[in-house]
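Chemist: Residues per chain, in single letters:
There are 2 protein chains.
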Amino acid sequence: MTKPPPTLRWSGGTNGHLVLLDQTRLPGQVVELACRDVEDVWEAIRSLRVRGAPAIGIAAAYGVVLAATEKTQVSAAIERLATSRPTAVNLFWALQRMQTVADSDPAERNPQDLAERLLNEARQIHGEDRGQCAAIGRHGALRLADLPEGAGILTHCNAGALATGGEGTALAVIFALHAAGKRPHVFVDETRPLLQGARLTAWELQQRGIRATLICDSMAAQVMREGRVRAVITGADRIAASGDTANKIGTYSVAVAANAHQVPFYIAAPTTTFDLSLDSGEQIPIEERLAEEITCLAGTPTAPADIAVYNPAFDVTPARLIRAIISERGVIEPVTASSVRQHTAASC
Amino acid sequence: MTKPPPTLRWSGGTNGHLVLLDQTRLPGQVVELACRDVEDVWEAIRSLRVRGAPAIGIAAAYGVVLAATEKTQVSAAIERLATSRPTAVNLFWALQRMQTVADSDPAERNPQDLAERLLNEARQIHGEDRGQCAAIGRHGALRLADLPEGAGILTHCNAGALATGGEGTALAVIFALHAAGKRPHVFVDETRPLLQGARLTAWELQQRGIRATLICDSMAAQVMREGRVRAVITGADRIAASGDTANKIGTYSVAVAANAHQVPFYIAAPTTTFDLSLDSGEQIPIEERLAEEITCLAGTPTAPADIAVYNPAFDVTPARLIRAIISERGVIEPVTASSVRQHTAASC
Numbered sequence: 001m002t003k004p005p006p007t008l009r010w011s012g013g014t015n016g017h018l019v020l021l022d023q024t025r026l027p028g029q030v031v032e033l034a035c036r037d038v039e040d041v042w043e044a045i046r047s048l049r050v051r052g053a054p055a056i057g058i059a060a061a062y063g064v065v066l067a068a069t070e071k072t073q074v075s076a077a078i079e080r081l082a083t084s085r086p087t088a089v090n091l092f093w094a095l096q097r098m099q100t101v102a103d104s105d106p107a108e109r110n111p112q113d114l115a116e117r118l119l120n121e122a123r124q125i126h127g128e129d130r131g132q133c134a135a136i137g138r139h140g141a142l143r144l145a146d147l148p149e150g151a152g153i154l155t156h157c158n159a160g161a162l163a164t165g166g167e168g169t170a171l172a173v174i175f176a177l178h179a180a181g182k183r184p185h186v187f188v189d190e191t192r193p194l195l196q197g198a199r200l201t202a203w204e205l206q207q208r209g210i211r212a213t214l215i216c217d218s219m220a221a222q223v224m225r226e227g228r229v230r231a232v233i234t235g236a237d238r239i240a241a242s243g244d245t246a247n248k249i250g251t252y253s254v255a256v257a258a259n260a261h262q263v264p265f266y267i268a269a270p271t272t273t274f275d276l277s278l279d280s281g282e283q284i285p286i287e288e289r290l291a292e293e294i295t296c297l298a299g300t301p302t303a304p305a306d307i308a309v310y311n312p313a314f315d316v317t318p319a320r321l322i323r324a325i326i327s328e329r330g331v332i333e334p335v336t337a338s339s340v341r342q343h344t345a346a347s348c
Numbered sequence: 001m002t003k004p005p006p007t008l009r010w011s012g013g014t015n016g017h018l019v020l021l022d023q024t025r026l027p028g029q030v031v032e033l034a035c036r037d038v039e040d041v042w043e044a045i046r047s048l049r050v051r052g053a054p055a056i057g058i059a060a061a062y063g064v065v066l067a068a069t070e071k072t073q074v075s076a077a078i079e080r081l082a083t084s085r086p087t088a089v090n091l092f093w094a095l096q097r098m099q100t101v102a103d104s105d106p107a108e109r110n111p112q113d114l115a116e117r118l119l120n121e122a123r124q125i126h127g128e129d130r131g132q133c134a135a136i137g138r139h140g141a142l143r144l145a146d147l148p149e150g151a152g153i154l155t156h157c158n159a160g161a162l163a164t165g166g167e168g169t170a171l172a173v174i175f176a177l178h179a180a181g182k183r184p185h186v187f188v189d190e191t192r193p194l195l196q197g198a199r200l201t202a203w204e205l206q207q208r209g210i211r212a213t214l215i216c217d218s219m220a221a222q223v224m225r226e227g228r229v230r231a232v233i234t235g236a237d238r239i240a241a242s243g244d245t246a247n248k249i250g251t252y253s254v255a256v257a258a259n260a261h262q263v264p265f266y267i268a269a270p271t272t273t274f275d276l277s278l279d280s281g282e283q284i285p286i287e288e289r290l291a292e293e294i295t296c297l298a299g300t301p302t303a304p305a306d307i308a309v310y311n312p313a314f315d316v317t318p319a320r321l322i323r324a325i326i327s328e329r330g331v332i333e334p335v336t337a338s339s340v341r342q343h344t345a346a347s348c
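So the protein sequences, as listed, match chains A and B. With the working numbering, the residue at position 28 of the first sequence is 28, and numbering never jumps. With the working numbering, the residue at position 229 of the second sequence is 229, and numbering never jumps.
Treat each hint with caution, since some may be false.
Below, a sample of chain A positions facing chain B; criterion: calculated Cβ distance under 7 Å [as the list claims (entries may be wrong)]: (1) Val30; (2) Thr72; (3) Ser75; (4) Phe92; (5) Gly209; (6) Ile210; (7) Ile215; (8) Ala221; (9) Cys296; (10) Leu297; (11) Ile307; (12) Tyr310.
Beyond 12 Å from chain A on every Cβ pair, some chain B residues (computed) [what the hints assert, rightly or not]: (13) Gly12; (14) Arg36; (15) Thr191; (16) Gln206; (17) Arg228; (18) Glu293.
Since the hints were made in silico from the structure, they are not lab data. Keep in mind it's a predicted model, so treat the numbers as computed, not measured. Beta carbons are placed, not taken as given, at the ideal position from N, Cα and C, and that holds for glycine.
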């Protein structure tokens, strides 16, 4: 199999553009999408052509570069991109970094200078994320080193290379375990409604030759009951100061089931996913998406017309259900407000 | 909206045939399907054109009538129909009743007599189920009479008129609560992979003007966490002597979540769904179905080709997670081997 294109890349110099692997068309079609203005990037984030908290942040940072002809446009672009999706905090974190760069030299000499500094910053964000993914993989594989060979690991949604600028968060841990000869057997929740598990995670694992079994989300508890899952690991979209973690809808259900079966539940996320301005998960804004995501599939209606639908895109798993959080800095365990504070305050 | 045709009906006399509402085409198309021989009925059960434990039993009973030209054919038909699906015990129970009728008069006068007796028995089974549904509705509404008006009730899969010869089991309780002015708000799990909740339960509730909100299965825990669910009620495919209950895959996950949120979890099923020959749920045979049910939707692939899939059609909820079982005879509560024995031994 040919190596697929990267999740996202910048093509050219300051007059270049962002190129995304269009994830809405995976796994059937491997198609790159050029984003040449801020609206293209906004739409790509909104429509989940690029998704995953770290990848959204990187895409938005590059999106700002597309507006870098003058400073007022940069601020407008940042404001616009901030409205694309509400839950993943990496988006706001990355946009804040871009704003700081734009603000850092009030006497901007010329637009070209600004564009170069913004492109450098976006590349920096991208590169840092790549390094963080690798570190998460190392810390996670160390933390899970006690797992027996061939152990079952369950994951939900996609927290792999497709969700980040590097090798992923939760999947980086699985990749590192695999590279260490652990040969994990991954149970992949399909992850309704948009099937990121079936479409993206299964695809990533298959490409790397890692044993994977696809299940419906509702089967996770059953697979645990059968004793086939030794650990659960997922990514995160925003982690409050308490350790409460927002992630793809259905993560909470998996955490509840894991708790009921004494299976440890881990979160893997870079420190850019922490939002210490929020005391608890209750304060994390949860995006609600269109009913059609649930009532139609591949254009075919799968429910009666006009049925009411509840479609939160995320849920919050309380810290008490999380055994540990693995970041690029190491492991937070147990997960408490004080351990989170200590971990995030530490210098790298 | 025109009243839809019944879930199943016999058309004509002993030379007649079985007519099913083809549930694989709902809610988009309301189409009846004529089954004129045993293979037609076998295929309809196997392909879930008719599904739901009580409805499968009734369909199989009528299927036997289609072979009622001579006794050896009847036994062969029973043997064949018994292979259509393994989990719902009502199938075997109904076929056993048909076999008993076939065996009851060794000196059969003529094929017409046998056919008449078999058709009478199938109609009897159908009629009894209708009555049992009504009684389940009454007992359930009485048991849940304490629910406040507008209370949220969550259900999984379809245990309505489409699953039975009458008004349903779990949905019969909801219909009775609605008729009693309780105006329940039903959270409908879509029920992957075959979406019986989205396609069938949402459709039944909508037709009756009962407030329904469709959710993905992975959202059930979240809706409970939000405090919006006061009770969970589902049907059953087989209940062991211990009270352990096999039902559509995902039911166990819902029961675990309900338990974690102190939401009472109820099963509604006729006594024909009990299998006292099995001590515990571990012994219930669980059907595994094709990978394509998970990897394709409406003919569109939704996962990489050749990905491994685990697709159990049912799971078992242990008695300890079940607050009560509601049958046509009343309420089993608490659910223990001794209360099950007492309940099923009682005369009607």
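Chemist: To test your reading of the hints: which numbers does this structure violate?
Modeler: Hints 1, 2, 3, 4, 5, 6, 9, 15, 16, 17 and 18 contradicted; others consistent.
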